[in-house]
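Number of protein chains: 4
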Amino acid sequence: MEYVKDFKWKKGMKVSQLVDLLRNVGFQSIELSKATDTIIKMKKVGATTYLTFTSNMVTSGLRGFFAQLIKLKIPNVIVTTVGGIEEDIMKAIGEKFIIGDFHSDDIALHEKGVNRVGNLFVTTESYCKFEDTIAPMLDKLYQKKKRWPVSELLREIGLLLDDENSILFQAAKNNVPIFCPAITDGSFGFHLYLFQQKNPDFIVDVVQDFKNILLSTSQDEKKGLISLGGSISKHHAILAALLNGGLDYAVYMTTARNSSGSMSGATTQEAKSWGKIKDDSDASTVIGDVSITFPLAMMKALEVLSDEGLIENEL
Amino acid sequence: MEYVKDFKWKKGMKVSQLVDLLRNVGFQSIELSKATDTIIKMKKVGATTYLTFTSNMVTSGLRGFFAQLIKLKIPNVIVTTVGGIEEDIMKAIGEKFIIGDFHSDDIALHEKGVNRVGNLFVTTESYCKFEDTIAPMLDKLYQKKKRWPVSELLREIGLLLDDENSILFQAAKNNVPIFCPAITDGSFGFHLYLFQQKNPDFIVDVVQDFKNILLSTSQDEKKGLISLGGSISKHHAILAALLNGGLDYAVYMTTARNSSGSMSGATTQEAKSWGKIKDDSDASTVIGDVSITFPLAMMKALEVLSDEGLIENEL
Amino acid sequence: MEYVKDFKWKKGMKVSQLVDLLRNVGFQSIELSKATDTIIKMKKVGATTYLTFTSNMVTSGLRGFFAQLIKLKIPNVIVTTVGGIEEDIMKAIGEKFIIGDFHSDDIALHEKGVNRVGNLFVTTESYCKFEDTIAPMLDKLYQKKKRWPVSELLREIGLLLDDENSILFQAAKNNVPIFCPAITDGSFGFHLYLFQQKNPDFIVDVVQDFKNILLSTSQDEKKGLISLGGSISKHHAILAALLNGGLDYAVYMTTARNSSGSMSGATTQEAKSWGKIKDDSDASTVIGDVSITFPLAMMKALEVLSDEGLIENEL
Amino acid sequence: MEYVKDFKWKKGMKVSQLVDLLRNVGFQSIELSKATDTIIKMKKVGATTYLTFTSNMVTSGLRGFFAQLIKLKIPNVIVTTVGGIEEDIMKAIGEKFIIGDFHSDDIALHEKGVNRVGNLFVTTESYCKFEDTIAPMLDKLYQKKKRWPVSELLREIGLLLDDENSILFQAAKNNVPIFCPAITDGSFGFHLYLFQQKNPDFIVDVVQDFKNILLSTSQDEKKGLISLGGSISKHHAILAALLNGGLDYAVYMTTARNSSGSMSGATTQEAKSWGKIKDDSDASTVIGDVSITFPLAMMKALEVLSDEGLIENEL
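Chains A, B, C and D, in that order, are what the protein sequence lines are.
Counting from 0, one number per residue, gives the positions in the first sequence under numbering that gives the first Met the number 0.
Counting from 0, one number per residue, gives the positions in the second sequence under numbering that gives the first Met the number 0.
Counting from 0, one number per residue, gives the positions in the third sequence under numbering that gives the first Met the number 0.
Counting from 0, one number per residue, gives the positions in the fourth sequence under numbering that gives the first Met the number 0.
Hints are computed from structural coordinates only; laboratory data are not their basis.
Treat the numbers as computed from the prediction; the structure is a model and nothing was measured.
Be a bit skeptical, because a hint or two may be false.
For chains that are exact copies, the list does not tell them apart, and a pair is met inside one copy or across any two.
Computed list of lysine to aspartate or glutamate pairs in DMTMM-like fashion (alpha-carbon distance at most 20 Å, straight line) [what the hints assert, rightly or not]:
hint	residue 1	residue 2
1	Lys143	Asp200
2	Lys13	Asp306
3	Lys4	Glu124
4	Lys4	Asp100
5	Lys4	Asp161
6	Lys172	Asp161
7	Lys4	Glu94
8	Lys7	Glu163
9	Lys33	Asp100
10	Lys9	Asp162
11	Lys145	Asp200
12	Lys9	Asp19
13	Lys111	Asp278
14	Lys10	Asp36
15	Lys144	Asp200
16	Lys10	Glu307
Bound conformation, chain A alone (with noise of 0.2 Å):
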């Protein structure tokens, strides 16, 4: 039996002293902890990891964590929103996202070319070198192929980039696919649809890609999940697992709640009705802002698996 034990500062606290402290305060501290201790068993036992996240943490500073992680070898697959890929295109050429306010003047935002994105504010001139960033990419692409599923492209795209903390850089570097399964829900979008204008013979295959996700693991593999926000990056990678016979581990961070039913906030127990999860297997799941759990969670777990020696120390 474990018990709740009085929580107390100390100078110079390191965060995996903090997270350890963390396991006996209560509530989502506790819900944390757990999910530090699920990330390790899913490393340890070599499980083939999913990470998911949604396109506004890639707005966010995550963006350069999650290119440290794959750098790490922590996730062995990656899904995504296409804004997410988008950003980390603007930022892997320079652009530079804004701190802003959540109470901001939107229409006078609107006025100056600034899109807000909670606190974050990206500009109209960034998706501008986006685009102009993208279109000859495409051309080089077209050049190779015609028929692309989603996940080679987007590794081709990598491979074109110069930026250690790009997640797409790095994804292509280390040979973790990137699935993006709605990969016309923006910007990028609309540039394969003027691409394909002038080429029609230009396919995004999304059901090869299907494939390709399938193929990414398979049911002798442990497989774990590490899952932050909701949305179908969440279910995506939950399906593939699904197909494959479950997740044995599986770290939902999120804000979502289940009592609209909604997919963002089904938790690891509904999971399991649909054999998402594997009756035994670790789960957990912390509400909160991924900006701030995320990296406590996931920074212990790498204390530790350093400490192993399981990841490299030096980056």
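Given the coordinates of chain A, assemble chains B, C and D onto it according to the supplied hints.
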């Protein structure tokens, strides 16, 4: 200036009278009344109307309401997720979904082949029936042509169904396109994959479908959105409208919040910074479970539109 | 086994018909139907019924509904917060509350003497009027006796008001006690303090009032709770019931969640571990804004109770 | 202008370094950094500081942190609910609280005498021990005088305890008053009632305690608030500050939202319309579970205050 009025029950009160009273109650009841007003305006000016919803709403009984709304010519364009497509087809071929409990023993459910979606249950058998249905349909479609934009494919399927309460059936019959930007993210995707394995030249063309949603309206037309829940359904309709000059009217009904910068929780305020919603537009956000808020707000709008002869009274 | 049914609009539908249909829609609409059933059972067996609400609901138009419910003999005991007492009195003396906007310029409002409660506005002038009213009332009470349990004090104030839509007026007239465990936590508290400065032997006896709420029911009687929102109102009624053997029926309607271990978000499940709700009791939790969910669920219950002659039809 | 920066893990990172990095991540991580800044400013200018929390936080291990903060002279005034008082006493006399599970069999727990608070368990035996402790304490107090303002009563109890990690003990020792505006809303209330039955002239004077909280600061002093969770704790501190001219600094950490107009969810923006927070004040709202957000934000503030010699380093 409008004042708060004491709410009073009267025996036999109609839904439309209730919504009239809610206008002066407070908090989300007021926002719900504004949503009704926005929907009425949208239809009165003949705005191209996008209706978006997530798959859990098709799991629920709202599915028949969506079909009825299509018949009543409320939406001109629909965007949803593939789970909703699958479940609409299951129901159209006679499968029944069960009213369950949020607090279920999920492992026991799994053993019985019962999958939980909040407090609703869908059997694995219903999924099998779906699979038996979709496979021959794909054969038929492939006879016609090899390269299918998603919305055309869904229209053909709708024509093969025979259920007045089916979203796909009514949409096909009433020439309302259904867009589904992540068509592979479900059981359907798995069958598309199996089919493509046998027929490698079978292509689902998502890029061409982006053209289709872009051309479903124009810069000149007024545009309105009724967005239920979050996810790519919401975003895809907003994106299509944005590329056509932005929305004149927008109703968001959701449980997601804006504090994490997610697309699902993004408010109509935030949308203005992007030009997604025109600065002078009518926009309302109702926080709450759409299984309650949408019938209330929409029924009141239907009563008014019916009284003014803008929709058919007899169904 | 109950099945999901396709929801369909019919012109002129009554509220009671809508709630009947919601039973087979899904998610919170089902929980709302269960809440209706629980309320009906509670009244049919003649359970002592606690009704609890927070002050913001008195700010809203639900205030008149609460007064009507007292007249209809739905609650036997009321628990609320002092803000609700104050605002009920303001409205009883003719003050009007304004329908405003969640997105207001709060600094500008402050300069105009307008105080915001979500999307409702209460003027500072209304507070001044309250102060002008409460001061002479305290004088009158002090003439009668010097030591007052809160509920007796509120009853005397109710008798001095003259407004059919007033909670305090109807409660006093119908012998329904109003408990308010933190009577000093508002403008009222400030006036009690000023009065005690002049009359040091004036005592508000909260301990004696705890006896009063304990004696408002007994171990032998069936007990039911309709709890709207969280806070001490909810907890105080549950505590009083627990000390009398626990609740037989309980309806919680709230927006608070259980993930942080708060009292406001504690579910009816959790309450069972405490014996707050009897293990075999009827209990339902509806997540959503009570300005929408409570009128819907309660009106349906009133229709049924009225049809069965259990409440008066004419008001 | 501040920009989003790519977040990167470094082995052995300290908590204070993590919070520095979170400032440039996004969403609630930014708000958390602002909360840290606000707390630092509040203490640097020597503002009278109110700390408020709800009872579930005392159930958790934050209890020891609150005691430590009192010892470090961070809060000058404390407001909490009676459940927190009770559980602080239970822990001070050696009772241990258990780490449990959100998904428990609550009926089975009840049979074992285990009460659930989210994912924490408190045994009925701990309540019995509390009762055995409080009864003789009330006897002692009654010998001293018959009429007790709540904060004086709690101070006396604190002096009778002997636990460095006890909130009441540290508060009594450091002359920090603890206000509890609904002292009867718990097991404590039941014992006050039993005691008054035997000693009818025993009075708990809540009105006099309102004077005490009003006089705990003045119009002239700077005033700051750290409010954790909602409820009357939050409101009571704000009210006391408002009647003294309003807050100069305010940090709200909560999971409650503003969409229902509740006090618990009311934002620092809304507070400005009331004059509760001065228009030009430093105010931040962090949405999230305080078991995670508060240690993070507060520890960083302590590190800075310690570095500047504003708090003692050795404890």
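We went through each hint and held it up to the structure:
For the identical chains of this complex, Lys143 and Asp200 are neighbours both inside a copy (13 Å) and across copies (19 Å), given an alpha-carbon limit of 20 Å. For a Cα distance limit of 20 Å, the shortest separation of Lys13 from Asp306 qualifies both inside one copy, at 15 Å, and across copies, at 16 Å. Within a single copy, Lys4 and Glu124 get their C-alpha atoms only as close as 51 Å, which misses the 20 Å cut-off; across copies the closest is 19 Å, which meets it. In this homomeric assembly, Lys4 and Asp100 come within 20 Å of each other (Cα to Cα) only across copies, at 16 Å, whereas the closest approach inside a single copy is 37 Å.
Taking the closest pair of Cα atoms, Lys4 and Asp161 come within 20 Å of each other only across two copies (17 Å); inside a single copy the shortest separation is 48 Å, beyond that limit. Taking CA atoms no more than 20 Å apart as the test, Lys172 paired with Asp161 passes inside one copy only; the shortest distance there is 10 Å, against 51 Å between copies. In this homomeric assembly, Lys4 and Glu94 come within 20 Å of each other (Cα to Cα) only across copies, at 11 Å, whereas the closest approach inside a single copy is 46 Å. Only between protomers do Lys7 and Glu163 lie at most 20 Å apart by alpha-carbon distance; the minimum there is 11 Å, versus 38 Å within a single protomer.
In this assembly of identical chains, the alpha carbons of Lys33 and Asp100 lie at most 20 Å apart only when taken from different copies (11 Å versus 32 Å within one copy). Proximity of Lys9 and Asp162 under a CA criterion of 20 Å is satisfied inter-copy only: 19 Å between copies versus 38 Å inside one chain copy. Taking the shortest alpha-carbon separations for Lys145 and Asp200, both the intra-copy value of 6 Å and the inter-copy value of 13 Å come in at or below 20 Å. Taking the closest pair of Cα atoms, Lys9 and Asp19 come within 20 Å of each other both inside a single copy (13 Å) and across two copies (18 Å).
Taking identical chains as interchangeable, the C-alpha atoms of Lys111 and Asp278 lie at most 20 Å apart only when they sit on different chains, with a minimum of 13 Å there against 53 Å within one chain. For a Cα distance limit of 20 Å, the shortest separation of Lys10 from Asp36 across copies, 18 Å, qualifies, whereas the shortest one inside one copy, 25 Å, does not. With identical chains, the CA atoms of Lys144 and Asp200 are at most 20 Å apart both within one copy (10 Å) and between copies (15 Å). In this assembly of identical chains, Lys10 and Glu307 lie within 20 Å of each other by CA distance solely across copies; the values are 13 Å between and 26 Å within a copy.
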